[in-house]
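> Now for the letters of each chain:
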Amino acid sequence: MSRRSFLRTSAVLASGLAALAASLSPLRELDDYVSLERFMQKYYKELTPDEMAKVLKRIEREVERQYGIRPHVRDLKPMDGVEFVYALNLTRCIGCRKCVHACVQENNQSRTPEIQYIRVLRMPHGSLDIEKAEHNYAPESVPEKGYFYMPVQCQQCKNPPCVKVCPVHATWQETDGITVIDYDWCIGCRYCEAACPYWARRFNFTQPSIPKDRINPDMAYLGNRPRRQGVMEKCHFCIQRTRVGRYPACLEVCPAGARKFGNILDPNSEVAYILRTKRVFIQLKGELGTSPRFFYYFDV
Amino acid sequence: MDDRLLTDRKRDQPKTILALRGLVVLFGALAVAFLMNLWGRPAPLYPIPLVDPAFLDTATNRRSYADLVRAKEDLSDFDCYACHEKNKPPPLRFDEHQNLLIPREHSDIVMGHGEHGRNNNCFNCHNETNLELLQTRDGRVLKFQDSPQLCGSCHGPTYEDWEAGAHGRISGYWDRELGLIKRQDCVNCHNPHSPTFQGRKPAPGPHFLHEQVQASADPATGH
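Protein sequence lines, in the order shown, are assigned to chains A and B. Using numbering that gives the first Met the number 0, the letters of the first sequence correspond one by one to residues 0 to 299. Using numbering that gives the first Met the number 0, the letters of the second sequence correspond one by one to residues 0 to 222.
Among the hints, a few may not be true.
[As the list claims (entries may be wrong)] Calculated pairs, DSSO-like style, for lysine-lysine (alpha carbon to alpha carbon, straight line, at most 27 Å):
(1) K200/B - K144/A
(2) K44/A - K157/A
(3) K200/B - K277/A
(4) K53/A - K211/A
(5) K157/A - K76/A
(6) K85/B - K71/B
(7) K144/A - K44/A
(8) K131/A - K71/B
(9) K76/A - K44/A
FYI, nobody ran anything at the bench for these hints, they're computed from the structure. Given the structure is predicted, the values throughout are model-derived calculations rather than measurements.
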């Protein structure tokens, strides 16, 4: 080969390689790399307890590397004889949105952009027409006269359309009624977001950012461990709290006591009392046949 | 090697050489453009201020007398007989429209219990012979920490709901076998003299993913 052809070839090769490297430059913005361990992880329902322990350790390491805090990640199984139901008293909700932000704090949601699982709708008196709802109300003082407030989050339907459409079974409903997502299995196709009639599912369009001092280190695998760009997330009834017997964060913070949660199979629970004694119940979009576990009621 | 093959290659012909050089320059320029992020950047996310921690607080609507006792705060304001005489029921004064006149010493109390101010007699609830106790209309005498029974003596259905957990707030464990609960008393949320909740400022609402031009923002989607 002559010197000229060598130089020519190498110039072409160099420019070609430079162009290739440049075209991959968006990957520089990718904070989160796929480790081999995560890539080769088996489906959640096939993991043995030992493998699950390794997975939890991996997550603890990743969270510590990213946020500087060593969390406690558990894989909580559903309790026997428990089926969760959420009841919300529409005469009491004042629309203060404390539940929204307690949820954001408890579940390690991204703050920029801010993902909120709960959306409080301001509805005019006398109508349950969602088209009349206002999402962005910001008055000086709530409640406002002539309106009532309806917080909407994942209804954990008994007949969930989101589970039916997931092409990879990354989401399923567990025996205690909570529809869960395995964030490591989700491929981010957003079919579930399209299928959900309540817009309960949120997608991570960007890498979530959580301020280090507001991380909640008490995490569950199917719950509030930090997610990454490209996966779905949604309300999971605070699985890290409810599966150890505690109330979800939204209930604990409500100043009006509008939220009620418990095991419907227990006749002594407050939700069983409510469903027995109150007379008017609303299941949002009940005509669609999703059978939500969320009951809105009035104190009449 | 066959010379003909080497010299007649398409690559050595002038137009081809020109085209290839042009392409190299173009790719080089594209490479520089990508490396310097000259276009096609994702829209920047606008910073969202962190929410005020007051919105994350599980505090109740107000602090009751029992809360003050538990917190061992200064209760000298609540010593009735520092000013009143024992066994001498304080007189009540009304104006010409039957409205209760609150004495100057108790000016922090604003009465608003009941429609049209119907419940405007202090001794409907307070015991005039012993100001440190409460009384119901059916003659029961109650201590201050048993005040829910007093409220329940008129608000029966609400009291039943409260006992069952359907009214008010219970925090802690839904599974009573795994932990303790804290049930709020009536006065932890309702001011007994003016029970209706006051308005409050709501926490921030949903944020759009990217900064919106105000005129075209669609408030219904918020995404």
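> Confirm or reject each hint.
Here's how the hints hold up against the structure:
1. K200/B - K144/A: holds (14 Å)
2. K44/A - K157/A: holds (20 Å)
3. K200/B - K277/A: violated (30 Å)
4. K53/A - K211/A: At roughly 24 Å apart (the allowed maximum being 27 Å), K211/A and K53/A satisfy the hint.
5. K157/A - K76/A: Measuring from Cα to Cα gives roughly 19 Å; hence the hint holds.
6. K85/B - K71/B: Holds, because 25 Å separates the two Cα atoms, which is no more than 27 Å.
7. K144/A - K44/A: Violated, at roughly 50 Å.
8. K131/A - K71/B: violated (49 Å)
9. K76/A - K44/A: holds (11 Å)
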